[in-house]
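Protein sequence lines correspond, in order, to chains E and U. The C-terminal residue of the first sequence carries number 365 in my numbering, and the numbering is unbroken. The C-terminal residue of the second sequence carries number 365 in my numbering, and the numbering is unbroken.
If you are wondering where the hints come from, they were derived from the structure by calculation, not from laboratory data. The structure displayed is predicted, hence computed values, not measured ones. The reader is advised that the hints may include incorrect statements.
What the hints assert, rightly or not - Cut-off 30 Å, straight-line C-alpha distance, at most; resulting in silico cross-link-like pairs (DSSO-like, lysine-lysine):
{"id": "1", "chain 1": "E", "residue 1": "Lys332", "chain 2": "U", "residue 2": "Lys187"}
{"id": "2", "chain 1": "E", "residue 1": "Lys148", "chain 2": "U", "residue 2": "Lys332"}
{"id": "3", "chain 1": "U", "residue 1": "Lys187", "chain 2": "E", "residue 2": "Lys233"}
{"id": "4", "chain 1": "U", "residue 1": "Lys295", "chain 2": "E", "residue 2": "Lys332"}
{"id": "5", "chain 1": "E", "residue 1": "Lys122", "chain 2": "E", "residue 2": "Lys77"}
{"id": "6", "chain 1": "U", "residue 1": "Lys332", "chain 2": "U", "residue 2": "Lys148"}
{"id": "7", "chain 1": "U", "residue 1": "Lys332", "chain 2": "E", "residue 2": "Lys295"}
{"id": "8", "chain 1": "U", "residue 1": "Lys295", "chain 2": "E", "residue 2": "Lys278"}
{"id": "9", "chain 1": "U", "residue 1": "Lys187", "chain 2": "E", "residue 2": "Lys295"}
{"id": "10", "chain 1": "U", "residue 1": "Lys295", "chain 2": "E", "residue 2": "Lys187"}
{"id": "11", "chain 1": "U", "residue 1": "Lys94", "chain 2": "U", "residue 2": "Lys80"}
{"id": "12", "chain 1": "E", "residue 1": "Lys80", "chain 2": "U", "residue 2": "Lys187"}
{"id": "13", "chain 1": "E", "residue 1": "Lys187", "chain 2": "U", "residue 2": "Lys233"}
{"id": "14", "chain 1": "U", "residue 1": "Lys148", "chain 2": "U", "residue 2": "Lys80"}
{"id": "15", "chain 1": "E", "residue 1": "Lys295", "chain 2": "U", "residue 2": "Lys94"}
{"id": "16", "chain 1": "E", "residue 1": "Lys295", "chain 2": "U", "residue 2": "Lys278"}
{"id": "17", "chain 1": "E", "residue 1": "Lys187", "chain 2": "U", "residue 2": "Lys122"}
{"id": "18", "chain 1": "U", "residue 1": "Lys148", "chain 2": "E", "residue 2": "Lys332"}
2 protein chains.
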Amino acid sequence: MNIAIYGYGNLGRGVESAAGQNPDARLYGVFTRRDPKTVKTATGAPVFSAADIKSHKSDIDVLVICGGSATDLPQMTPALAKDFCVVDSFDTHADIPRHFAAVDEAAKAGGNLALISAGWDPGLFSLNRLYANAILPDGRDYTFWGKGVSQGHSDAIRRIPGVLDARQYTVPVPEALAAVRSGAMPELSTRQKHRRECFVVAAPGADKAEIERAIKTMPNYFSDYDTTVTFISAEEMKRDHSALPHGGFVIRTGKTGAGGEHTHTVEYSLKLDSNPEFTASALIAFARAVLKMRERGRTGCITVFDIAPGDMSPLSPEEQRAHML
Amino acid sequence: MNIAIYGYGNLGRGVESAAGQNPDARLYGVFTRRDPKTVKTATGAPVFSAADIKSHKSDIDVLVICGGSATDLPQMTPALAKDFCVVDSFDTHADIPRHFAAVDEAAKAGGNLALISAGWDPGLFSLNRLYANAILPDGRDYTFWGKGVSQGHSDAIRRIPGVLDARQYTVPVPEALAAVRSGAMPELSTRQKHRRECFVVAAPGADKAEIERAIKTMPNYFSDYDTTVTFISAEEMKRDHSALPHGGFVIRTGKTGAGGEHTHTVEYSLKLDSNPEFTASALIAFARAVLKMRERGRTGCITVFDIAPGDMSPLSPEEQRAHML
């Protein structure tokens, strides 16, 4: 399959790297809205102007759109689905129905297949929520994120006056995880589930007490959490906080038996050294499924719920049954 | 959907109970090879003779076959797939290709859809192996079982002279689990991965030392494991070892990045108070998917790899996207 990348940031670089790990994938190139001459790819993959993408239509099987959910993807995915089979990782959960409708209309008009909201959450976490709910109807879901870097929260801290750089880690509270795993189906507040660890580089002479107060009282982002703020040097930030780890836990506990006397715990967890590289690896596997489904005639918009898992594997159905079942 | 059960043992009773938890499922009845008058169902569901099942063809949407993999299912599933959409939990991994071929031929001849090897292993564990392999091609798989009761190993102990009753628990070795989760991709021997705990009721005057020796040296079953044997009374067996708990872990660790510098751990685990009730709950969700796929025209034999997860949910695609993604 010929894969192309639209947008060359952290996620785009991850897709470039992941394509090289899959013998059935060939990276056709990277499309950028910047001047292509200013973009150097890690593997030497060719760089094209996003403005010219339609002229490459016949060379690309699946286009992986690596843009942001806030403003990029709501525009990009419907526009590109008119001409390409596409995969995106749109992750604004509340806006998924609207995004789905827009992409579905565009993809159907173009006779293409478009997968939205792929990755790990939404994506693999969603799949595990759905499987566990289908199997244990009398139960309760819990999702924990981290330990991992939240870009949105890091950015929010950087906007505070006197802050030069910041990194925020979301951390699941171990006691909450243990309570959930016990099958007790606890009611957990926002504060009980996660805490927030912030590392901040302050400008020389900045009022650190005021920065800490501004962080801890920030509505939506921090005020509902137990938050720690640690001031570090720019050198420490670079040395200790350059990676983008993430992960989390999807847990459902449920009851079975005539009197609900048996408790079951289904748990899925990810521990990722690099959030963008793992997300990109998932997007490649989902792109494989998109191509197989399109070859069978499917068009329009789909989500991970519509994909038979076997279509994500490079193995034949016979090999899957013999070695994976 | 009208569900019927073929075979009324632990698993059949689990399906009966699980059907009652799913508002879209109606339990049509239980088919037994015994005299129906001798079988009393837990919910009062009607009991029919297995010999008469063809006369109920128009009343049953999906037949859940609850037989053993050694001798029952290789005969039953192909025979019944000629007349019914069926689900089985065939779990002899090495024989799956042969079973698939026989069931596929029968189901296609009858215009039915048949799902084999559903449950948790094979089943949910297989799905997680496949997803993780598709996403992390450069990695390694580990499956651990337990802590849980192995019926096959318990039966093997019961065949030793002087043994009145026995219960065997398979237990994952914590150090092995920790080594795998670290991402070190260790090479683990059979002995390093699991140990076996045996509880035995000996006949009065039996040679306990000889029973213990016979267990610990039994080829295939115990000789490759660290095995403990504890003699208990029949009362203790009944009081402490009547439940059928099980579970396990599917873990894949893999590398990404240009130099494989990032490690990722994907882990799926189950902790089940009742193995048959959880397996049965999974079979009901898979049966729902079989019915939806048959209604779209699919026939022949399939496995869990062929099922789009959304088909297992009682929610509409719109509800799934709005609430589960």
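Item to check | Hint numbers not upheld by this structure, sorted from lowest to highest | outcome: 1, 12, 14, 15, 17
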